[in-house]
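Asker: For this one, chain X is given, so just place chain G on it according to the hints.
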Amino acid sequence: AQSVTQPDIHITVSEGASLELRCNYSYGATPYLFWYVQSPGQGLQLLLKYFSGDTLVQGIKGFEAEFKRSQSSFNLRKPSVHWSDAAEYFCAVGVRSGGYQKVTFGTGTKLQVIP
Amino acid sequence: KAGVTQTPRYLIKTRGQQVTLSCSPISGHRSVSWYQQTPGQGLQFLFEYFSETQRNKGNFPGRFSGRQFSNSRSEMNVSTLELGDSALYLCASSEGGRGNTEAFFGQGTRLTVV
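Protein chains in written order, with the numbering used here: chain X, 1 to 115; chain G, 1 to 114.
Chain G with its partners taken away, still in its complex shape:
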């Protein structure tokens, strides 16, 4: 089985621009969660999607949004980029149902805002 795939791996954007990150989960997984990781704040939960619906949301401004498609692939969008948005963005997929499951992570997208 292929693992979680995140694209692109690296991005450099200018302040004020917007960016879209993509995550393809493991085949059969219906839950996709997004995290922001920075040296100062650690691993912070952004949101989770399950069967195309946002099921859980962290404490981030509305500039951060996401969506999930019918094939469970997910995208995350950040509008009006700020320097502080520079981070490693991690996507995790899991079965997401009523059973106990662990999350599998992608390698992340390193976003640098200049």
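Bound conformation, chain X alone:
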């Protein structure tokens, strides 16, 4: 079965600083990969996704992620963080099972942005 690990429960960065959120997955083949963001009390919003092709994926709100097969990683990055980026971020892995896609979510990383 597939699994997702987000090793950082909580990260604090200064506004304007760069950001990297880590995500590692465990699966025997190449999975489909997603990053979602959740503001307090809200649902999850898709930031970006990787299905195949170019391993550097651009998303909304200035985020990007890079799929590294050799490291089983799909880290999320942003060159300059804004205060409005404070939220919880979830990495997710989708695999094909029984002809359809099954998605597993990581435990999330809470991002705090300080002025």
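Hints are computed from structural coordinates only; laboratory data are not their basis. Do not take every clue at face value.
Reference excerpt, derived from the structure (chain X facing chain G, CB under 10 Å, subset only) [stated by the list, open to error]:
no., residue
1, Y32
2, Q42
3, Y100
Here are the simulated DMTMM-like pairs of lysine to aspartate or glutamate, each with C-alpha atoms no more than 25 Å apart in a straight line [said to hold, decoys possible]:
no., chain 1, residue 1, chain 2, residue 2
4, X, K110, X, E64
5, X, K49, G, E102
6, X, K110, G, D85
7, X, K68, G, E102
8, X, K102, G, E75
9, X, K102, G, E102
10, X, K102, G, E52
11, X, K49, G, E95
12, X, K61, G, E102
13, X, K102, G, E95
14, X, K61, X, E15
15, G, K57, G, E102
16, X, K110, G, E102
17, G, K13, G, E75
18, X, K110, X, D85
Think of the CB as a built atom: it goes at the ideal place given N, C-alpha and C, for glycine as much as any other residue.
Answerer: Positioned in the frame of chain X, the structure of chain G alone reads:
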């Protein structure tokens, strides 16, 4: 296109009662998944429905059940509520077919059991 709609947004119930939550997916989406989110356990998968059939199930007791109607709208029911059932319940819809698709989430229903 309208997004995923969950009703109600907030609920307060007493221990031992039952509750029904509703989810209307994006038009054309046939898959609806339910998740429970709590501070201690994070995001936990409850079940997925596709074309009125339960296709996938998480590790929750039988008190948690669901169904999907022919218009893809889904309901989730929790019977004999416990204090630990207090959580944000999220619904996600997707096309659900054989292609690669992402899930779109509703804003959730905040259930408080007292």
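Asker: Confirm or reject each hint.
Answerer: Each hint tested on the structure:
1. At about 6 Å, the closest approach between the beta carbon of X/Y32 and any beta carbon in chain G falls short of 10 Å, and the interface hint on this residue holds.
2. Annotation: interface hint on X/Q42 holds; nearest CB of chain G at approximately 6 Å, less than 10 Å.
3. With 10 Å as the threshold, the beta carbon of X/Y100 comes within range of chain G, its nearest partner Cβ sitting at about 6 Å, so the hint holds.
4. For the given pair, X/K110 sits about 18 Å from X/E64 by alpha-carbon distance, which is consistent with the 25 Å threshold.
5. For the given pair, X/K49 sits about 8 Å from G/E102 by alpha-carbon distance, which is consistent with the 25 Å threshold.
6. Restraint check for X/K110 and G/D85: the C-alpha separation of about 23 Å stays at or below 25 Å, so the hint holds.
7. Only pairs whose Cα atoms come within 25 Å are accepted, and X/K68 paired with G/E102 is accepted, the gap being roughly 20 Å.
8. Only pairs whose Cα atoms come within 25 Å are accepted, and X/K102 paired with G/E75 is accepted, the gap being roughly 20 Å.
9. Distance hint between X/K102 and G/E102 is fulfilled; the C-alpha atoms sit about 10 Å from each other, no more than 25 Å.
10. As the CA atoms of X/K102 and G/E52 are separated by approximately 17 Å, the hinted pair is consistent with the 25 Å bound.
11. Restraint check for X/K49 and G/E95: the C-alpha separation of about 15 Å stays at or below 25 Å, so the hint holds.
12. Only pairs whose Cα atoms come within 25 Å are accepted, and X/K61 paired with G/E102 is accepted, the gap being roughly 18 Å.
13. Distance check on the hinted pair: X/K102 and G/E95 sit about 12 Å apart at the alpha-carbon level, within 25 Å; holds.
14. With a C-alpha separation of about 15 Å, the suggested pair X/K61 and X/E15 falls inside the 25 Å cut-off, and the hint holds.
15. With a CA separation close to 19 Å, the supplied pair G/K57 and G/E102 stays within the 25 Å bound.
16. The hinted pair formed by X/K110 and G/E102 meets the criterion: a straight-line CA distance of about 22 Å does not exceed 25 Å.
17. Between G/K13 and G/E75 the CA atoms are separated by roughly 17 Å; this keeps the pair inside 25 Å, and the hint holds.
18. The suggested pairing of X/K110 with X/D85 holds, with an alpha-carbon distance near 10 Å, which does not exceed 25 Å.
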